[in-house]
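A.B. asks: Hints are included, so try docking the two chains, each in its own frame, into the full complex.
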Amino acid sequence: MHDAMEPLLRVRGLSHRFAAARDERLAVRDAELDLFPGEVVAIVGESGSGKSTLLDCIAGRIAPTHGQVHYRDADDRWLDVHALTERQQRVLARTEWGFVEQNASDGLRLDVSAGANIGERLMGQGERHYGRLRATAQRWMERVELDTARIDDSPRAFSGGMRQRLQIARNLVTRPRLVLLDEPTSGLDVSVQARLLDLIRTLTTRMHLCALIVTHDLGVARMLAHRTLVMRHGQVVEQGLTDRVLDDPQHPYTQLLVSSVVIP
Amino acid sequence: MNDRLPALLQAPRLQVRGLAKHFTLHLRGGARLQVLQDTALDVRAGECVALAGASGRGKSTLMKCLFGSYGSDAGSLRLESSDGVVDIATATPQRMLALRRRDIAYVSQFLRAVPRVPALDVVAQRLVDAEPSPPTDDLDDAAHAVRLEAAREVARHLLARLNLPRALWDLPPATFSGGEQQRVNIARGFVQPARLLLLDEPTASLDAANRRVVVDLIHEAKAQGAAVVGIFHDEEVRDAVADRRVELG
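Sequence order for the protein chains is A and B.
Here the first sequence stands for residues 1 to 264, numbered as in our numbering.
Here the second sequence stands for residues 265 to 513, numbered as in our numbering.
Misleading hints may appear alongside valid ones.
[As the list claims (entries may be wrong)] Facing chain A, a subset of chain B residues (Cβ under 7 angstroms, in silico):
{"#": "1", "residue": "His286"}
{"#": "2", "residue": "Arg292"}
{"#": "3", "residue": "Gly335"}
{"#": "4", "residue": "Pro357"}
{"#": "5", "residue": "Pro379"}
The set of hints was computed from the structure by calculation and includes no laboratory data.
These numbers come from a predicted model, not from an experiment.
Beta carbons: idealized from backbone N, C-alpha and C, even for Gly.
Isolated chain B, as found in the complex (with noise of 0.2 angstroms):
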């Protein structure tokens, strides 16, 4: 109901207070970096704040924060999530992966890929996932099987929608090339609709047509009231998409 507001109505999706990162070096004598220091960022439910600064300003560190892969030193970030509001700071490990099960999407510019998955199930195991089956011994159970079915076929729309050539669908990412992997990475971003997407670069190794068809993405997960964050090099799809720009550091 929260989302038929109008926008600056109401709460952000995302608030950000007092962030602080740093990393210490061990094996280079205890170095200390010191990359995110009172950070703050609003991000409402249907907006996209494109994060900006120079390269080493923490940009992507800020991304990894918001997906629990970076711890973070202190501060708050709170997120609203679908089961409440949760400050990742300080969420659980399982608290952390059920976020990213349902709440929060991140395309990297890398695809981790896991041997033997072929692309079409990359993309529809996040689905899946976002909804697990009852456990059951029975793994030949039909319930999941139709439930598999039906993922893939919204993955199947996708990958096409991507342009991702067909004879790809059935076999394991590892061995394509870096836009066919981006490719599969953004649909596997997109597959689950996300209350906080994040994008790092995720045009980076597009042609133009599929750049648009990022950009048509993007401009559908914000209608459906997703709050997005970016780091876009590319100006054209920045400013296609972003609703303001946040410089760090």
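Same shape as in the complex, but just chain A (with noise of 0.2 angstroms):
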């Protein structure tokens, strides 16, 4: 990771707002981004300001009302994310990109086994072969903390703790380049939360993975991310290094937000 190297993802004058609004607010203006491989990004901010809806627009869930989003592929082409069919963006979704979502059963098929969640990517990638499967699910299973015995458990009978450690291992199964996740962490108990973070910590780090995470905990931006944007009522008003940004703030909102955090 140094200057020279390109990045990964582009994103330039992305500006986004919902038909519903009933005024003129942008849920997201004029956000500029560039993410290089192996890094991890944070993009931090309260509740509305829109941090959610930028990681939507770069997913490809929300069609940005200006904006690019650029993304450079596997085989070292750019893409214009907006500008690919919907087929292509399922795609690119379910094999160079991953996305953990808030609400692990979002992100997870509750009707079938732990197991099957895991195997699901690789089955699209076109492994049918069932003892390898099974296998390559118990592996991941292993990483993520979660009992192999298990395996043919519906995620329903999991706690949220759970759920999201198997959100994690059905994205990373197919090893991704780019992962997104939503506040990952939130509504999970604290001791819950830790084991969370050092394993999206150490998967990052030992796949070399490029990820992007909203997140309004300050704490987690600190513990999992090299860089840090904060957003306010749709605007990127600061980012930077994120012991820079968090020890070292400029922008009064950043001032503001570092200093309502309660240190235990």
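C.D. replies: Take a look at the structure:
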């Protein structure tokens, strides 16, 4: 990771206004962002700051009102994400990208077993051998610290933290190049959060993943992210090295955010 | 090769010129605090400079500007890195992180512990990160395990030198005492030879025996060619390691 390296993702002049918005307010205004290989970047801000909308625009789930998202694929071609057909977007989302939902049940299939949840993306890529699928699913359950004896259980029977770890395994099993995570730890108990954060940190480092994490928790950004962007009212008001943003905040809003954290 | 030349003939490892740093406290009605103004500093390889001056004169601020956790308003902070000369004041975040992995070590008074990571790995990980393994999807890859174990062996040696009780090595440092955490922090700072070593009161909560260990570690780092910038309130330690004092403010 150095200056000359080419980004993996490039966001330019991205703005979005929801059709149902009462006024002219933009949910995201003029967002610009480069993500480099191996880099973990956090987007922080309070509810309604536009951070999840920005993530959805990047993921291709929402077509932004203005601006572009370009992604450099495994064959080194730059793709204009919003110019792709729906089918092409789906293929990208299942192969080179991962998306970890805030609410694990949105990112899992609750009517099939834990093992099948992990195997689904592999099958989508053509793996049909039952023994190999099962072995891979087992290995990934171990990696995310799930009891492999529960491989045939439905995730319905899993706790929130277990579901979240299963969701991570399901996404990473095909080794995506870019993972988008929307508040992956919110709603979990603190001890469960710590375990999940440690897991995400280890996996992103070892797999050299590029990850974009939306979180309202500055501690999550501090622990995981190389760089942090601060959003307020749809605008990125500050960005830079995570410890610089948090220890030497320049924008009044960032100073307020940082000073509002309760330190145990 | 440069490191073999007599110290005075070398270009400084670190050259600070015209550094300015202020803070605008937006939550205090925009009050402006000018902490550094036209600060200059040269540190050569193998040299230790002690920052002096009353508190509030910007000693810690200068250290953080050098580490990049504070931005600089003006001036240059030129470091002769393992990858050529870099101006820390204008380095990109990616470059700054690479410098921290390989070239700059910072021992602060406080350890920012990562939950669940045992003390031993807090130290060993720094060595592993300096030369990251090639990316892999085989997380059980044997080469990485060998490297990690080798790094742990170095870390064990250092923690033993710093008299950290063995029983603590496999525990996360969050619940350690101040002095124990500081020793983990020191081990992490010294485990990977740095070209620029920043020490912010490295012996503040240590007993005499461990202070002596830290003094030895600083001497060894200097002998290996580190440029050291330190804040030492302990005069005995300062006199033992510092070649010069630089007054700020």
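A.B. asks: Each hint should be assessed against the structure and marked as holding or not.
C.D. replies: These are the hints, each one checked on the structure:
no.	hint	verdict
1	His286	11 angstroms, violated
2	Arg292	10 angstroms, violated
3	Gly335	6 angstroms, holds
4	Pro357	4 angstroms, holds
5	Pro379	4 angstroms, holds
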